[in-house]
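> One-letter residues, chain by chain:
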Amino acid sequence: LAKTTQPISMDSYEGQEVNITCSHNNIATNDYITWYQQFPSQGPRFIIQGYKTKVTNEVASLFIPADRKSSTLSLPRVSLSDTAVYYCLVVGNTGGFKTIFGAGTRLFVKA
Amino acid sequence: EADIYQTPRYLVIGTGKKITLECSQTMGHDKMYWYQQDPGMELHLIHYSYGVNSTEKGDLSSESTVSRIRTEHFPLTLESARPSHTSQYLCASSLWGQGITEAFFGQGTRLTVV
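Chains A and B supply the protein sequences, listed in that same order. Our numbering puts the first sequence at residues 6 to 116. Our numbering puts the second sequence at residues 3 to 116.
Don't take every hint at face value.
[Claimed, not checked] Listed below are the simulated DSBU-like cross-link pairs for lysine-lysine, each with C-alpha atoms no more than 35 Å apart in a straight line:
hint: 1; chain 1: A; residue 1: 8; chain 2: B; residue 2: 59
hint: 2; chain 1: B; residue 1: 20; chain 2: A; residue 2: 57
hint: 3; chain 1: A; residue 1: 115; chain 2: A; residue 2: 57
hint: 4; chain 1: A; residue 1: 8; chain 2: A; residue 2: 57
hint: 5; chain 1: A; residue 1: 74; chain 2: B; residue 2: 59
Quick caveat, the hints were computed from the structure, so don't treat them as lab data.
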């Protein structure tokens with residue numbers, strides 16, 4: 006399983022764009038990159054996934070360079086309710102979703 | 003909204019008691035998982051299942067056991083609870099296939115053993 010490294014915490018202000026970068030140097034050919042969000046006392050929630058280049062949905066964008074050794078989650082115009090822990094995961098195709106959640110990035114959005 | 007349910011949400015129990023944490027999903031997912039998470043800490047996979055009658059141990063050793071008699075149900079049991087078992091337990095389920103990386107998590111059970 007590929008190990009991921011991401012910042013422990015980040016601060017931002019309401020209305021700003023937030024970019025969280027994750028490194029995954031040992032990513033395998035069949036691995037996908039996935040991001041989850043977790044609020045206190047709740048289970049993680051899927052945000053976005055990608056394999057290469059750029060993916061965008063209604064919540065976020067995910068940028069993946071050609072070598073796939075890193076990825077950047079972009080949250081546009083954050084609000085106070087985006088304060089949460091964000092996990093970057095590398096998910097392989099062996100045996101279903103069974104992967105390691107690291108410590109994640111604690112995002113604090115201030116007014 | 004994910005159709006995966008955990009009961010109870012909160013449980014305070016005395017040392018030595020036997021407990022079962024319930025997890026049910028109505029999405030027909032074959033894969034189910036149990037994670038353990040202490041406050042502010044990482045999630046650790048403790049058990050998973052590929053389907054009915056399949057159970058495997060996860061990355062973190064746990065004294066708990068699981069069973070999978072029905073697709074939708076994946077209970078976790080502690081035969082004799084101890085204070086060291088105090089934690090949050092999260093159940094999840096997913097489909098399986100190339101490019102499928104979304105797992106659906108329940109709200110969790112916060113267990114306190116006194």
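> Looking at the structure, which of the earlier hints fail to hold?
2
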